[in-house]
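Chemist: Each chain, letter by letter, is given below.
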Amino acid sequence: MTIRLRDLAACFEGVIPSIIATAAPDGTPNISYLSHVVLVDDERVALSNQFFSKTAANVRTNPAAAVLIVDPRDGGQYRLDVTFEQTMDSGWLFEEMAVQLQATSAQIGMGEVMRLRGVDVYQVRAVHAVPSPMPGQELSSREAGLQLMAAAAVARRVSQATDVDSIIDAVLEGLREAFTFSHAMLLLKDPGGERLVTLGSRGYERSGIGSEVLVGEGIIGMAASKRRPVRVSDMSRIRRFNSAVRASSDEENRTRTIALPGMPDAMSQVALPMVAHGVLRGVLFLESSARLAFTKEDEAALAVVAMQAAAALALAEAEAGEGLAKAPSAANKHKVAGRQFRVVHHAYDDSIFIDNEYLVKGVPGRLLMHLLRIHLREGRVEFTNREIRLSEELRLPDIKDNLETRLLLLRRRLEEKAAPVQLLRIGRGRVRLEVAGPAVLEEATG
Amino acid sequence: MLINQDLAAFMASPVMIILGTRDDFLAPEIARAVGAVVRRDKGHVDLMVSEWQWPKTVANVRANGQLAVTFARPSDYVSYQIKGHATVVSTAAEHVALARRYMECMASTLGELGLEQRVVAPWLVDRDLVAVRLSVQEIFEQTPGARAGRLIEGQP
Numbered sequence: 031m032t033i034r035l036r037d038l039a040a041c042f043e044g045v046i047p048s049i050i051a052t053a054a055p056d057g058t059p060n061i062s063y064l065s066h067v068v069l070v071d072d073e074r075v076a077l078s079n080q081f082f083s084k085t086a087a088n089v090r091t092n093p094a095a096a097v098l099i100v101d102p103r104d105g106g107q108y109r110l111d112v113t114f115e116q117t118m119d120s121g122w123l124f125e126e127m128a129v130q131l132q133a134t135s136a137q138i139g140m141g142e143v144m145r146l147r148g149v150d151v152y153q154v155r156a157v158h159a160v161p162s163p164m165p166g167q168e169l170s171s172r173e174a175g176l177q178l179m180a181a182a183a184v185a186r187r188v189s190q191a192t193d194v195d196s197i198i199d200a201v202l203e204g205l206r207e208a209f210t211f212s213h214a215m216l217l218l219k220d221p222g223g224e225r226l227v228t229l230g231s232r233g234y235e236r237s238g239i240g241s242e243v244l245v246g247e248g249i250i251g252m253a254a255s256k257r258r259p260v261r262v263s264d265m266s267r268i269r270r271f272n273s274a275v276r277a278s279s280d281e282e283n284r285t286r287t288i289a290l291p292g293m294p295d296a297m298s299q300v301a302l303p304m305v306a307h308g309v310l311r312g313v314l315f316l317e318s319s320a321r322l323a324f325t326k327e328d329e330a331a332l333a334v335v336a337m338q339a340a341a342a343l344a345l346a347e348a349e350a351g352e353g354l355a356k357a358p359s360a361a362n363k364h365k366v367a368g369r370q371f372r373v374v375h376h377a378y379d380d381s382i383f384i385d386n387e388y389l390v391k392g393v394p395g396r397l398l399m400h401l402l403r404i405h406l407r408e409g410r411v412e413f414t415n416r417e418i419r420l421s422e423e424l425r426l427p428d429i430k431d432n433l434e435t436r437l438l439l440l441r442r443r444l445e446e447k448a449a450p451v452q453l454l455r456i457g458r459g460r461v462r463l464e465v466a467g468p469a470v471l472e473e474a475t476g
Numbered sequence: 003m004l005i006n007q008d009l010a011a012f013m014a015s016p017v018m019i020i021l022g023t024r025d026d027f028l029a030p031e032i033a034r035a036v037g038a039v040v041r042r043d044k045g046h047v048d049l050m051v052s053e054w055q056w057p058k059t060v061a062n063v064r065a066n067g068q069l070a071v072t073f074a075r076p077s078d079y080v081s082y083q084i085k086g087h088a089t090v091v092s093t094a095a096e097h098v099a100l101a102r103r104y105m106e107c108m109a110s111t112l113g114e115l116g117l118e119q120r121v122v123a124p125w126l127v128d129r130d131l132v133a134v135r136l137s138v139q140e141i142f143e144q145t146p147g148a149r150a151g152r153l154i155e156g157q158p
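Top to bottom, those sequences are chains A and B.
Start counting the first sequence at 31; every next residue gets the next number (my numbering).
Start counting the second sequence at 3; every next residue gets the next number (my numbering).
Everything labelled a hint here was simulated from the structure, so no lab data went into it.
Bear in mind the structure is a predicted one, so any value in this text is a computation, not a measurement.
For every residue, glycine included, the Cβ atom is placed at its ideal position computed from N, Cα and C.
Among the hints, a few may not be true.
Said to hold, decoys possible - Not everything, but these chain A residues come out facing chain B in the computed CB check (under 10 Å):
#1 Ile49
#2 Ile50
#3 Ala54
#4 Ser62
#5 Ala96
#6 Pro102
#7 Gln107
#8 Arg407
Said to hold, decoys possible - Quick look at which bits of chain B chain A covers, simulated, 3 or more residues with Cβ under 8 Å:
#9 15 to 27
#10 30 to 38
#11 63 to 75
#12 79 to 85
#13 121 to 128
Looking at chain A on its own, in the form it has when it is part of the complex (with noise of 0.2 Å):
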């Protein structure tokens, strides 16, 4: 029976290092552990190019070579006869080994050791299983129609919302429900500065909305920089960037910042970008304890899922709405019962205190005290974005892009605190305040 490269996609996760021998034009064979091997198609093998100078002299003048490899679920070896066709040291395959490279050795300590020289890319001439005394296992390998059909479901779910708020629950409860990947997060990106917030999780103990990821910082922030999956499928000798991060509301008030969420014991991670327009709009994010829980099929059909949810999301910025200015009602300054509550603005970095307790900070900040400012001025509780972008007190150039997710993460973080002021949406580019009790603005002074 003919094996096909892509059946061997487990041998390919770097969980088992594999090995290749050369031999020098005198017959002198050189053998060669390799950090990374990459299923380029299912006729070429990509290896990263560090440090086995040897093994790359010698292909140069003897191009033949042989490559074992092992599939970490049981153990199978397979040698693969190949043949040495090129060294590439830029491109697209170039650039997916150095992040792959990069996600795996950064972490370790050996950020500098492991910078990739090149990959060297061989041409697969056969495939052979070594022959092994275990009977042959069954592996409960998933078949790469059922991706397909996933994604397919949670694109169904992505073309039926229509606002920013409704994409984001329908791609998270689509990896939930169609994937069955239990644990994600959904991060869009601040036009504003090099940060990623998380608008959406789901699996954790806390939601971690409003949480933020430098672009460049981790797995999530690398996907973010270079705009390519990353996944890495055994973390076990990986030090996690965050695994110190405390996350408690007392955390919050002292460091106005939101803790990320994290499994403590992931094994496995795959961070996917989300572009559209050639723009960057954030990242979707999935772990889980198993080893090996993403395969590369699993990489490709989250990337669609990716891809799409960002187009959904641009669309749904750019058809927001303006709303319609409501006929002009009689201001009801009726009085609004209930208890007071405090909200403290502090100017240098917008933050926001809603009875001592941290709320957010940024443009969600300063919208949130225009908002009440509005309502304390006229009584009304009604804004359309319209008026919100022709706003000259917020004076915001870069605003009108992204005034649908900057809401969102403004109501979100609301509804999560339970605080006594919570923001509606209330149909086309028209929200609703809604206030438990008279607020008081106090505006922090140092």
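On the provided structure of chain A, position chain B as indicated by the hints.
Modeler: Same frame as chain A, now just chain B:
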């Protein structure tokens, strides 16, 4: 060539042993060995290989004798590569017993690193065992990093 004592001890410890050979057309081949008997004074190492599992490697040694072997410690990747000329010699009871001990020891070492027995079993095979006797000519450092590939000892 005399093999230094530390290296001899390393080769005989639970390390992964990989053989590299080539055929008459310079097509390379890979195999695993299940144990090494080091004769420091004679400058040779006997490597236990399952001819059932790795027939081409054994055939290559019989045909031309050119051999490279790496010894790699799975916990920290400390590794050495040894090159020289090899022959296939008849196995003694000592070889068979050593292979058995090596396989037990290796399985438990890999077990400590989180690899299940059923996963490592296909790598530890002693069916149709032969001994490949390597006369050591060159020793290289092979631990990943800047010094990988450095010749430690070699005879002219």
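Chemist: Examine the segment 15 to 27 of chain B for residues whose CB is less than 8 Å from any CB of chain A, and state whether their number is three or more.
Modeler: holds (count 6)
Chemist: With chain B as the partner, please determine if Ser62 (chain A) meets the hint condition of a C-beta pair closer than 10 Å.
Modeler: 8 Å, holds
Chemist: Given Ile50 (chain A) as an interface hint, is the shortest Cβ-Cβ distance to chain B below 10 Å?
Modeler: 8 Å, holds
Chemist: Checking C-beta pairs, does the segment 79 to 85 of chain B have three or more residues closer than 8 Å to chain A?
Modeler: As far as the segment 79 to 85 of chain B goes, the hint holds, because 4 residues have Cβ atoms under 8 Å from chain A.
Chemist: Have a go at the Gln107 (chain A) hint: is there a Cβ in chain B nearer than 10 Å to its own Cβ?
Modeler: 6 Å, holds
Chemist: Mind checking the CB of Ala96 (chain A) against every CB in chain B and telling me if the closest is under 10 Å?
Modeler: 5 Å, holds
Chemist: In terms of beta carbon proximity below 8 Å, does the segment 63 to 75 of chain B have 3 or more residues touching chain A?
Modeler: holds (count 7)
Chemist: Would the hint on Ile49 (chain A) stand, with a C-beta cut-off of 10 Å toward chain B?
Modeler: 6 Å, holds
Chemist: Can we keep the Arg407 (chain A) interface hint, with Cβ of chain B closer than 10 Å?
Modeler: 64 Å, violated
Chemist: Closer than 8 Å, Cβ to Cβ, for at least three residues: run that test on the segment 30 to 38 of chain B against chain A and report holds or violated.
Modeler: holds (count 3)
Chemist: Take the shortest C-beta to C-beta distance between Pro102 (chain A) and chain B; is it under 10 Å?
Modeler: 7 Å, holds
Chemist: Does the segment 121 to 128 of chain B contain three or more residues whose Cβ lies closer than 8 Å to a Cβ of chain A?
Modeler: That given contact holds, which follows from 6 residues of the segment 121 to 128 of chain B lying within Cβ reach (below 8 Å) of chain A.
Violation of the numbered hints given earlier is confined to hint 8; every other hint is satisfied by the structure.
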